[in-house]
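Protein chains: 10
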Amino acid sequence: MSEPFSSILETFENQYPGRDYTIEIVAPEFTSVCPKTWQPVFGTITIRYVPDRRCIELKSLKLYLQQFRNEGIFYETAANRILDDLAGVVAPRHMTIEAMFTPRGGISTTVSAVFSTR
Amino acid sequence: MSEPFSSILETFENQYPGRDYTIEIVAPEFTSVCPKTWQPVFGTITIRYVPDRRCIELKSLKLYLQQFRNEGIFYETAANRILDDLAGVVAPRHMTIEAMFTPRGGISTTVSAVFSTR
Amino acid sequence: MSEPFSSILETFENQYPGRDYTIEIVAPEFTSVCPKTWQPVFGTITIRYVPDRRCIELKSLKLYLQQFRNEGIFYETAANRILDDLAGVVAPRHMTIEAMFTPRGGISTTVSAVFSTR
Amino acid sequence: MSEPFSSILETFENQYPGRDYTIEIVAPEFTSVCPKTWQPVFGTITIRYVPDRRCIELKSLKLYLQQFRNEGIFYETAANRILDDLAGVVAPRHMTIEAMFTPRGGISTTVSAVFSTR
Amino acid sequence: MSEPFSSILETFENQYPGRDYTIEIVAPEFTSVCPKTWQPVFGTITIRYVPDRRCIELKSLKLYLQQFRNEGIFYETAANRILDDLAGVVAPRHMTIEAMFTPRGGISTTVSAVFSTR
Amino acid sequence: MSEPFSSILETFENQYPGRDYTIEIVAPEFTSVCPKTWQPVFGTITIRYVPDRRCIELKSLKLYLQQFRNEGIFYETAANRILDDLAGVVAPRHMTIEAMFTPRGGISTTVSAVFSTR
Amino acid sequence: MSEPFSSILETFENQYPGRDYTIEIVAPEFTSVCPKTWQPVFGTITIRYVPDRRCIELKSLKLYLQQFRNEGIFYETAANRILDDLAGVVAPRHMTIEAMFTPRGGISTTVSAVFSTR
Amino acid sequence: MSEPFSSILETFENQYPGRDYTIEIVAPEFTSVCPKTWQPVFGTITIRYVPDRRCIELKSLKLYLQQFRNEGIFYETAANRILDDLAGVVAPRHMTIEAMFTPRGGISTTVSAVFSTR
Amino acid sequence: MSEPFSSILETFENQYPGRDYTIEIVAPEFTSVCPKTWQPVFGTITIRYVPDRRCIELKSLKLYLQQFRNEGIFYETAANRILDDLAGVVAPRHMTIEAMFTPRGGISTTVSAVFSTR
Amino acid sequence: MSEPFSSILETFENQYPGRDYTIEIVAPEFTSVCPKTWQPVFGTITIRYVPDRRCIELKSLKLYLQQFRNEGIFYETAANRILDDLAGVVAPRHMTIEAMFTPRGGISTTVSAVFSTR
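Chains as they are written, first to last, in my numbering: chain A, 91 to 208; chain B, 91 to 208; chain C, 91 to 208; chain D, 91 to 208; chain E, 91 to 208; chain F, 91 to 208; chain G, 91 to 208; chain H, 91 to 208; chain I, 91 to 208; chain J, 91 to 208.
Mixed in with the good hints, there may be bad ones.
[Said to hold, decoys possible] Below, computed lysine-lysine pairings styled on DSS-like, alpha-carbon distance capped at 27 Å:
| # | chain 1 | residue 1 | chain 2 | residue 2 |
| --- | --- | --- | --- | --- |
| 1 | E | LYS152 | B | LYS152 |
| 2 | D | LYS152 | I | LYS126 |
| 3 | E | LYS126 | C | LYS152 |
| 4 | E | LYS152 | D | LYS126 |
| 5 | J | LYS152 | I | LYS149 |
| 6 | F | LYS126 | G | LYS149 |
| 7 | C | LYS126 | E | LYS152 |
| 8 | H | LYS126 | E | LYS126 |
| 9 | G | LYS149 | J | LYS126 |
| 10 | H | LYS149 | F | LYS152 |
| 11 | A | LYS126 | I | LYS149 |
| 12 | E | LYS149 | C | LYS126 |
| 13 | J | LYS152 | I | LYS152 |
| 14 | F | LYS126 | H | LYS152 |
| 15 | D | LYS126 | B | LYS126 |
| 16 | G | LYS152 | J | LYS126 |
| 17 | I | LYS152 | D | LYS149 |
| 18 | D | LYS152 | A | LYS149 |
| 19 | F | LYS152 | E | LYS126 |
| 20 | C | LYS152 | F | LYS126 |
| 21 | C | LYS126 | B | LYS152 |
| 22 | A | LYS152 | A | LYS126 |
To be clear, the hints were calculated from the coordinates, so they are not data collected in a lab.
Between the sequences and the hints, there should be enough to build the whole structure, so can you do that?
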């Protein structure tokens, strides 16, 4: 996968830096491709974070996630990479990701990970 | 946004100040306008608070929330500002807000914040 | 509201006083009247308690709650008064009340309170 | 209400005029204002039609419906007017509208109407 | 039950008399009293009608239904009487009523009736 | 099964014999016993009928259905017999029964039958 | 698949042959094997029939369906064969089958067929 | 109620005594009789336990619960007695019971209790 | 869109041509691209058909639908084209398509069409 | 049950060993056989684990679970054995299993267990 995926992400200044508060974003139309079978993969990405100085701009997040459309990537890598990319760009106080993928072979998978500065 | 939004809020005396109890208010018909695209925004505002000396009068809360109808305001600002306005008027022992917004571009967002004197 | 409302409540002896256990009662057909507009109010009353020596007799509880049918009473007062009345009659080790009211002006309200001897 | 509301509607050529087929559009974020109380009104507009030579362009439909945001209009008028406006612009073989409005005073209302050339 | 119950009902002129269309009204907070046990009764009243020259004014309908609050009336009588009262006042082209009552003794009951001039 | 089961059923006079209307009764707490294994059987009995001169009194219906509690009876017999008993007592213009039984061996069964004088 | 599958089915005499009534049987734990990939297949079989002289004995039906557990059989064949087997054994006045299979490759399939003597 | 109810319960040896694990059993077809009105009572019994040396044999549990079918017993007594009986027979490390009863007079009741050796 | 999309579709012989029966296929993971905005589109394709001599092979259907992944195509064209392609290949006695697309700008769309030889 | 069941399981290297994250796998199409009655058993297996150096390869997990199809095994043994097999192969930092089985005799059972190195 080409590195500059996260370069599309934009942020804006957190107007309430004095308060710990949570932003939850649910993106149910994630799709990528299985790197072994090249079959399409569908999932829902849920991101929860406590912003520090910057917040994620939502339109750029949508475009960032669309970049995975034709990428071959494993479930575990997708979840961890999205977390790394987003945390790298907004430097949150706390961030979690939950990536739920639809069933394949009758089996569904969810990968969850946490980034924290505390 | 014009400042005197919160001046419309009314309160009444808490009849049970000796007890910590919780009032949850769900307002599923919140609407405002996106300050960038001027497209309408729809959401559900949930407020939970432990009153101290004053409680929020519900009809005035309804009118307060209706003032956002044609205001351009970001998700994060709306949630934090409603929390600040309500906490400023009733001075609760504890208050949380949860503002859930309907999907835009296939992505939905929820902003949660807490006010506490403890 | 006339005082002797709680005099209708009956109790019976707890057969298992040696054990802390919980009784949850859900009464979804509560109705009273708004003291300001005299419009009817509808709600669901949920009571959870750990009995000490006495338990609430259910038929008398039903009749007790029916007494509110034509009473003008605020949400917060109804919830706290029912808690006081029931706790006064059965002297529980612990008791909570949750009073959920249906929407008025598009806004619904839930009042929760706790009584505890611990 | 100013007449040129429907002038914002755009259409495109039906590519399959030789076949009767149905297009259903659900717009759950309709809002207008009650002409008597000036309180906001919320509803879901469902349109089903069999196109003849033209189809409704969806973005222009969204903008058309947004024009009602600050208009005072009765339920029955809103439903019948939207039907008249859309049928007037696309001249469908058959069209139905269903306008469901959220509860007011504990009572919800749905208005349904049919336009047909058959 | 005193006769002038229906005198509270108000109507307004149907603005689209040239078209057969349907108005559905759902009132989930109906309550009356059982004429045998004097226990409260709860139900949901659904009215669907095709207006002719007049439509039912909703606020007067709410007040009309509230008149049953302390009346002793059987399920079958309530449903048929509401149908007669409403049809008598608006003279619809077609009208149905569905009155669903909550369980008593583990058994729930729904009464449905139709008024038609066709 | 002893014959006089239906003798417990009571009726009352239909106050609206001039109108065809429908009464639906749902009794979700039916229980009997399997005549082969003597294991308990659970089900929901739904009765819909258009009354002629008489209506079924609900409390007597509850007691009638309770008589099956310890009776050994097949699904098909239970459904048809209840239909025969009720139709025999109220002589309806039309009556249907739907008897849904909970799963046994992973398989659930519903028996439906119709009585009609038309 | 070995032919004598249906020989395990048992029937009993219909006690109400003078009345057309319906028996619906839902068996949600059907499993067989894909004849091409030898991967397991899971589904829900729903049978509805109007009995003539005989009814299907349920325990034998359960054993009949279990015979498919390790058989390789296509969806369309399974549905039609079960219909043929059951109709052959009970000679119903009318019978339908609906066989819903869980998703494979993200795609789910339902096969429905009707047997009728009318 | 005759004492030897629990004598029907059978157990088998826990094959994994070296590990704390949980077995949850849900029995939604519990029925008994109200000792005051002799009306039938319906409920769902949920048992969760951490086995020590013995596990509950499920078929004997089913037969044990069926013994309550025609017994007159209060909600609170039923829940606590089942807990005592089961804990007495399998001597678990930890056990909870939750007995949910269907509504009577519009009010539903759940009784929960815990047995623990810790 | 390149023409040979349907060339990937495979069929197999209908084993029950003497009987009219229905095959319903639900494919909830359809995705394509909007030809105007190049934003991704997501939908569920439901196909119901009565086979004549040939049935659709499911794996080839999955691959056929995946070809739309990066194609720019309007809702109405997608639905009608899939119907034409499938009907062209299996020559069914009857076929319907229902294409439900997820909301864009808060508005969701479903296109339904029918192919019939009758 | 033959020992080498777990030999079919494959693993791959955890690409994010520096982070504690969770993988949840839901397999709703588990089936085995009751060792006493030889009747089929159906259930849903949910596995949650924090990988250390290796992750479970999903296709091999599917094949591993399919090996139980014709094995006679008790609920408690199945859950604990799957946990032991999987933990043995991937040596996770933490792993839980939840095995929910469909009702038999009206009673459903869930077995939960935890493996931890902490």
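Against the structure, the hints:
For the proposed pair LYS152 (chain E) and LYS152 (chain B), the alpha carbon gap of about 21 Å is at most 27 Å, so the pair holds. For the proposed pair LYS152 (chain D) and LYS126 (chain I), the alpha carbon gap of about 16 Å is at most 27 Å, so the pair holds. Between the alpha carbons of LYS126 (chain E) and LYS152 (chain C) the distance comes to roughly 17 Å, so the proposed pair stays at or under 27 Å and holds. Restraint check for LYS152 (chain E) and LYS126 (chain D): the C-alpha separation of about 16 Å stays at or below 27 Å, so the hint holds.
Of the pairs offered as hints, the one joining LYS152 (chain J) and LYS149 (chain I) holds, with about 20 Å between alpha carbons and a cut-off of 27 Å not exceeded. About 11 Å separates the Cα atoms of LYS126 (chain F) and LYS149 (chain G), which keeps this hinted pair within 27 Å; it holds. For the proposed pair LYS126 (chain C) and LYS152 (chain E), the alpha carbon gap of about 17 Å is at most 27 Å, so the pair holds. Restraint check for LYS126 (chain H) and LYS126 (chain E): satisfied, since their Cα atoms lie roughly 22 Å apart, inside the 27 Å limit.
For the hint linking LYS149 (chain G) to LYS126 (chain J), the alpha-carbon distance of about 18 Å falls within 27 Å, and the restraint holds. Distance check on the hinted pair: LYS149 (chain H) and LYS152 (chain F) sit about 31 Å apart at the alpha-carbon level, beyond 27 Å; violated. In summary, the hint linking LYS126 (chain A) to LYS149 (chain I) is supported, as the alpha carbons are separated by about 18 Å, within the 27 Å threshold. As the CA atoms of LYS149 (chain E) and LYS126 (chain C) are separated by approximately 18 Å, the hinted pair is consistent with the 27 Å bound.
With a CA separation close to 21 Å, the supplied pair LYS152 (chain J) and LYS152 (chain I) stays within the 27 Å bound. A threshold of 27 Å between alpha carbons decides the hint, and for LYS126 (chain F) with LYS152 (chain H) the separation of about 17 Å falls inside it, so the pair holds. Distance restraint check for LYS126 (chain D) and LYS126 (chain B): the Cα-Cα separation of roughly 32 Å exceeds the 27 Å cut-off, and the hinted pair is therefore not satisfied. Of the supplied pair hints, the one linking LYS152 (chain G) and LYS126 (chain J) holds, its CA atoms being roughly 17 Å apart against a limit of 27 Å.
With a CA separation close to 31 Å, the supplied pair LYS152 (chain I) and LYS149 (chain D) exceeds the 27 Å bound. For the suggested pair LYS152 (chain D) and LYS149 (chain A), the alpha carbons sit about 20 Å apart, so the restraint of at most 27 Å is met. A distance of roughly 16 Å separates the Cα atoms of LYS152 (chain F) and LYS126 (chain E); the hinted pair therefore holds under the 27 Å criterion. A C-alpha spacing of about 42 Å is found between LYS152 (chain C) and LYS126 (chain F), which places the hinted pair above 27 Å, so the restraint is violated.
Proposed proximity of LYS126 (chain C) and LYS152 (chain B) is supported: the alpha carbons are some 16 Å apart, at most 27 Å. At roughly 26 Å between alpha-carbon atoms, LYS152 (chain A) and LYS126 (chain A) fall within 27 Å of each other, so this suggested pair holds.
Of the hints listed earlier, those the structure fails to meet are numbers 10, 15, 17, 20, in rising order.
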